[in-house]
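Taken in order, these protein sequences are the chains called A and B.
Note that the first sequence covers residues 59 to 305 in our numbering.
Note that the second sequence covers residues 59 to 305 in our numbering.
Note that these hints are calculated values from the structure, not bench results.
A quick note: this is a predicted structure, and the numbers were derived from the prediction, not measured.
A few of these clues could be false.
Since the list gives no way to pick out one identical chain from another, each pair is judged satisfied if it fits inside one copy or across any two copies.
With a cut-off of at most 25 Å between alpha-carbon atoms, the simulated DMTMM-like pairs for lysine to aspartate or glutamate come out as follows [stated by the list, open to error]:
| no. | residue 1 | residue 2 |
| --- | --- | --- |
| 1 | Lys-293 | Glu-183 |
| 2 | Lys-143 | Glu-165 |
| 3 | Lys-293 | Asp-208 |
| 4 | Lys-296 | Glu-183 |
| 5 | Lys-293 | Asp-157 |
| 6 | Lys-269 | Glu-183 |
| 7 | Lys-143 | Glu-162 |
| 8 | Lys-143 | Glu-234 |
| 9 | Lys-296 | Glu-207 |
2 protein chains.
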Amino acid sequence: MTVQNLLKALKDGGGDPDLATVDDVTGHNTSRLPLASQVAITIRDMIVQDLIKPGERIRERQLSVELNVSRTPLREALKILEGEKLIALLPNRGAIVADPAPDEIRELLQVLGALEALGGRLAAENARDADIAEIKALHYEMLAAYSREDRLAYFKLNQQIHSSIMNASRNSSLIETHSHFNARLYRVRYRSNQRNAKWHEAIDQHEGLIKALEARDGELLAARLSSHLGATWAKVSKEDYAEGSAG
Amino acid sequence: MTVQNLLKALKDGGGDPDLATVDDVTGHNTSRLPLASQVAITIRDMIVQDLIKPGERIRERQLSVELNVSRTPLREALKILEGEKLIALLPNRGAIVADPAPDEIRELLQVLGALEALGGRLAAENARDADIAEIKALHYEMLAAYSREDRLAYFKLNQQIHSSIMNASRNSSLIETHSHFNARLYRVRYRSNQRNAKWHEAIDQHEGLIKALEARDGELLAARLSSHLGATWAKVSKEDYAEGSAG
DNA sequence: ATATTTTATTTTGTATGCTGTATTTACTTT
DNA sequence: AAAGTAAATACAGCATACAAAATAAAATAT
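Take these sequences, add in the hints, and give me the full structure.
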């Protein structure tokens, strides 16, 4: 290890925290990331935030000039997103934004339920008191948003609570997989939250989640997280059948 | 839709099944796949079959000439494999084959356990009688391999049984995620199988799995699949501590 | 006018070459 | 001789250029 490397390492890891650009979604440090990874983050955000609609085609050349990069890193980014199932890559026919059918959504919610159940068990075991306190705080913030009928804030806090529980599991593989599945379902749940008249039902369920976590009752928390997602499916499917699946 | 396209569609989908090359691992049709995907399959096999060792560096130029492709599709393949966590991509420093630490293996087995538990529950619900019969047949084949002390055959049949149970769940997202996690753990479990003196312990457990599946007792099957993987971790960790983790 | 074939255009797939970064080697200094 | 510095080399990152495939458009035939 030479001095110049040491200096670089210092600059990278140590000081200047404001130089490091941190992504909101993944939390990754994006400053010295290859273009492909940065582009992947950008497109992921565009998809999750519904700036590109499901089923919509992604034209390489067009998007590459929009993002001001060449097609090479863009194509690499698309491979990444294909792995996350946020897009589908049809050979010789380009990429389209993933558009899960109701059946697939049901499948995804089942898996997500299993992941959250495991997360709950582990969280009850591994969460620090500060983690639980923070989750409780988020819960109260969510109640505040509910009281103000601020659906967007409510939704985001809801998501944050679930992510926080997963983070408390201290199982990084689980956390990452969970966030992938969550991203695939983000839009569905967002729409569901915006439309559903009985959005208060989730409040009671969340109350139960917090109680189970405070009691560090892993089995109870796991069960409640699972049934919570079961309720999500009930809502989503009802909406879908009510208006015929298409967006 | 023109006639030439119709003819092509016919040729692709319909006839000439022998023209289609099907991959052993993923079951994907590989004949008309882009190079990047084919390369990804090749490298994945090399990793899972331990032709490239964990921690080993992957040189783009070198591998590209070995596989007779340019660096562009190879790099795209590496992005795919990074998403599957089979390799790690260090910015400006190339790719290395993933080498999960004991802690990470424990985490992975926990997630795999949750996935298999869900798979078991769904399989008990959705499996057709023919599926169960086939799984039973595989079980007896495994017993035969055990009797002959053919560890390789035993191991492969063991894997096949677990995959078959997952397939019987009829949840494609679950099946795919399970296979990804399984691939990440393949080498670990393979080594464990080769070394472990008490490999007969798994026989009794498998007997229990089949019984639960035949009875279509989802909860029991789920519980047994989980504890089965718990036993795997017990073995793996023991071996690791016994000889100090390095391969 | 409709349907089919042919041509043109657009778009994806792949290879190559250049640039910047990391690592190694040789050299200098203490 | 050990540590530090500077040059050289190897490598990954990216853009451009070309090839092949798919789609769209025009022309021809029915």
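Outcome of the hint check:
no.	hint	verdict
1	Lys-293 x Glu-183	between (31 Å within a copy, 23 Å between copies)
2	Lys-143 x Glu-165	both (14 Å within a copy, 23 Å between copies)
3	Lys-293 x Asp-208	within (19 Å within a copy, 51 Å between copies)
4	Lys-296 x Glu-183	between (36 Å within a copy, 23 Å between copies)
5	Lys-293 x Asp-157	within (18 Å within a copy, 42 Å between copies)
6	Lys-269 x Glu-183	within (14 Å within a copy, 32 Å between copies)
7	Lys-143 x Glu-162	both (12 Å within a copy, 24 Å between copies)
8	Lys-143 x Glu-234	both (14 Å within a copy, 11 Å between copies)
9	Lys-296 x Glu-207	within (22 Å within a copy, 54 Å between copies)
In the structure shown, no violation is registered for any of the earlier numbered hints.
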